[in-house]
Amino acid sequence: MQAYLDAVATGYPTLPPFVVYLLGMLAFGALVVFVFILPVAGITSWVERRVWARIQSRIGPNRVGPGGFLQWLADGLKNLLKEDVIPAAVDVPLFRLAPYVVVAGFCAAFVALPFAGSLIIADLNIGILYVSAITSLVVIGILMAGWSSNNKWSMLGGIRSATQIICYEIPVGLSIFPAVLLSGTLSMQGIVAAQGWAPTSWHMFHSPFLFVAFVMFFVGALAEGNRTPFDLPEADSELVAGFATEYSGMRSLLFFLAEWGNLYVIGVLVSTLFMGGWQVPRFTDNTTLLTVAQFATMFLKAYFWVFVAMWVRATLPRVRVDQFMTLCWKYMVPIGLVNVIGTAVVMVMLPNGSAVLRWMMAAVAVAILVQFARRVRFHLRRADYGRLGRISEDPA
Amino acid sequence: MSAYVANIVDSVTSIFEGMAVTFSHFFRRPYTVQYPDRMPVRVQDTLPYRYRGFLEVDLEICTGCLACQRACPIDCILIEVLKDKETKQNLLVRFDIDLAKCMYCGLCSEPCPTGAIHHTREFEGADYSLESMLRRFVLEPVVTYKPKKSGEDDPAIVPILERGMRYVNEFAAPEAPPKPVKKEAAPAAKPAAAPAAEGQA
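Those sequence lines, one after another, are chains U and C. In terms of my numbering, the first sequence opens at residue 1 and continues consecutively. In terms of my numbering, the second sequence opens at residue 1 and continues consecutively.
Hints should not be assumed to be uniformly reliable.
Said to hold, decoys possible - Keeping only pairs whose Cα atoms sit at most 25 Å apart, straight-line, the calculated DMTMM-like set for lysine to aspartate or glutamate is:
#, chain 1, residue 1, chain 2, residue 2
1, U, 330, C, 84
2, C, 88, C, 17
3, C, 146, C, 60
4, C, 149, C, 86
5, C, 148, C, 84
6, C, 88, C, 154
7, C, 148, C, 170
8, U, 301, C, 17
9, C, 146, C, 110
10, U, 78, C, 10
11, U, 152, U, 75
12, U, 330, C, 10
Claimed, not checked - Covered by chain U, according to a simulated footprint, are these stretches of chain C (three or more residues, beta-carbon under 8 Å):
#, segment
13, 6 to 16
14, 20 to 28
15, 65 to 76
These are calculated hints, taken from the structure and not from any lab test. Glycine included, each C-beta is placed from N, C-alpha and C at the ideal position.
Sequences and hints are given; from them, build the entire structure.
Below you can see the structure in the form of structure tokens.
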């Protein structure tokens with residue numbers, strides 16, 4: 001992209017180069033936001049509702065478009081047309097600005113996210129540091145929303161969100177650290193390049209420490225993204241809607257857009273750090289085809305984790321504030337420190353890694369999946385379900 | 001320290017189990033009934049025979065005895081019967097039921113000797129005007145039904161009467177299956193048309 005803009009700048013010598021770069025950045029930014037981020041966040045909202053519905057033995061929104069697929073467009077349109085209520089007692093400039101800060105914070109993360117080998121907006125050499133720093137901008141927006149709403153629920157929600165980010169940055173950082181140690185770089189593309197397409201070459205199977213770090217990163221990222229079971233800032237049963245209580249219409253939707261989009265960011269980060277990112281076998285020399293395959297791989301991996309986050313949300317109840325703090329400070333931080341030191345020790349003892357260890361870890365992962373499938377089958381059997389549906393009909 | 005490890009093991013295994021439970025729901029059929037437009041059968045057809053929906057009157061078998069009007073606790077039934085002096089016949093000139101008032105208690109259908117007034121399984125009455133809920137069953141004067149000593153033999157009326165008597169019999173003995181009522185032993189079924197009608201049909 002840099003090269004393309006350079007070419008454009010030299011092609012129009014009359015224009016000052018910074019204008020070309022500025023316009024180019026705006027154009028690409030708008031392209032990414034409108035072509036990728038908004039649809040992904042919107043579709044995620046529909047997928048999430050369908051997934052919850054199935055888990056709760058319901059069907060979910062299935063009327064707008066095929067299978068309800070266009071529900072997100074209808075909802076977006078509805079919210080655009082709604083009245084933007086601004087209560088009299090709020091701090092108006094902050095109240096209006098807050099949603100944009102939240103959305104800007106989460107959109108800015110996409111700058112350093114790798115979509116494919118050649119598809120990245122800017123391969124910063126401090127990529128992962130940048131992403132974890134810029135996503136903290138979201139909490140400033142949430143705190144602004146909570147404070148300016150002049151409402152105790154909103155205030156509590158905003159403060160809780162700030163607490164969450166402050167606490168969980170530490171275990172998240174500590175679980176990013178082993179992956180960075182292994183890759184020897186903070187650049188996102190560098191981290192992906194340090195892994196291969198085969199699962200055994202992924203960072204998560206390098207050693208037990210990396211595997212634990214991988215799980216911890218996902219948990220911590222959920223907490224940072226204010227997702228259930230860590231949705232204390234929104235906590236509908238305690239705080240109405242937390243920091244979003246006073247918001248209506250599109251401003252309210254922007255918060256949720258950031259939340260759903262953040263899920264995708266989490267998915268990309270997990271896949272990049274621990275699951276080999278966009279790596280595919282080099283099956284062809286056609287660069288375009290390869291890029292498409294890489295993009296698809298990355299998207300599917302990331303979306304798998306989005307799905308897991310929805311599934312977790314439909315499964316686990318919200319933790320209490322004290323449980324939340326206990327989990328962070330008593331469990332995740334010490335284990336994170338052990339992970340960092342353990343990874344360093346393993347790297348010193350086995351500078352090139354150990355294929356045996358990798359295969360063993362992969363075998364452990366497969367064993368976990370097999371056990372999971374057995375438990376699912378058990379629960380289906382107990383609910384009187386065979387492979388082809390109900391075994392016996394209800395007596396009623 | 002052992003409690004620390006036990007806590008970790010506990011939470012990991014319980015979350016694992018919970019995730020398995022929720023995941024198994026992807027393989028189960030949803031229970032949602034997509035009323036009203038995506039049903040395999042109309043929901044009205046799935047209701048029991050004795051469901052108390054909208055009231056309906058079969059004027060062919062209405063004797064004009066006013067039992068239902070007297071039984072109604074909120075006076076939502078209005079019946080007028082006139083005597084035709086020339087033919088010595090009773091004429092039904094009005095049979096209105098205000099469904100907006102009706103509370104679906106079923107007290108009117110119980111005393112009905114022929115089962116002419118009975119509940120249907122229809123219940124969708126939403127409308128923009130109260131007047132539309134006023135059901136006028138008599139549009140022009142009708143001669144009231146008179147049970148015949150020999151039993152009903154008009155083929156147009158036999159099925160209607162059979163159906164009416166089914167309501168009567170089922171209300172008389174809700175647990176037992178409907179059975180023909182003997183002529184002399186059943187003062188409740190005074191018209192006594194049903195057994196004969198069943199015999200002929």
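Comparing the hints with the structure gives:
Of the supplied pair hints, the one linking residue 330/U and residue 84/C is violated, its CA atoms being roughly 96 Å apart against a limit of 25 Å. Using a Cα cut-off of 25 Å, the hinted pair residue 88/C and residue 17/C is violated, with the two alpha carbons roughly 82 Å apart. Restraint check for residue 146/C and residue 60/C: satisfied, since their Cα atoms lie roughly 10 Å apart, inside the 25 Å limit. For the given pair, residue 149/C sits about 23 Å from residue 86/C by alpha-carbon distance, which is consistent with the 25 Å threshold.
Restraint check for residue 148/C and residue 84/C: satisfied, since their Cα atoms lie roughly 20 Å apart, inside the 25 Å limit. Taken as a hint, the residue 88/C and residue 154/C pair is honoured in the structure, with Cα atoms around 21 Å apart against an allowance of 25 Å. About 23 Å separates the Cα atoms of residue 148/C and residue 170/C, which keeps this hinted pair within 25 Å; it holds. Taking the CA atoms of residue 301/U and residue 17/C, the gap is near 23 Å; set against the 25 Å cutoff, the hint holds.
Annotation: proposed proximity of residue 146/C to residue 110/C holds, straight-line Cα distance about 19 Å (limit 25 Å). Restraint check for residue 78/U and residue 10/C: the C-alpha separation of about 45 Å exceeds 25 Å, so the hint is violated. With a C-alpha separation of about 28 Å, the suggested pair residue 152/U and residue 75/U falls outside the 25 Å cut-off, and the hint is violated. Annotation: proposed proximity of residue 330/U to residue 10/C holds, straight-line Cα distance about 15 Å (limit 25 Å).
For the segment 6 to 16 of chain C, the proposed coverage by chain U is satisfied: 4 residues have a C-beta within less than 8 Å of a C-beta in that chain, meeting the threshold of three. With 9 residues bearing a CB less than 8 Å from a CB of chain U, the segment 20 to 28 of chain C meets the requirement of three and the coverage assertion stands. Here the segment 65 to 76 of chain C counts 0 residues with a CB under 8 Å from a CB of chain U, which misses the bar of 3, and the coverage is violated.
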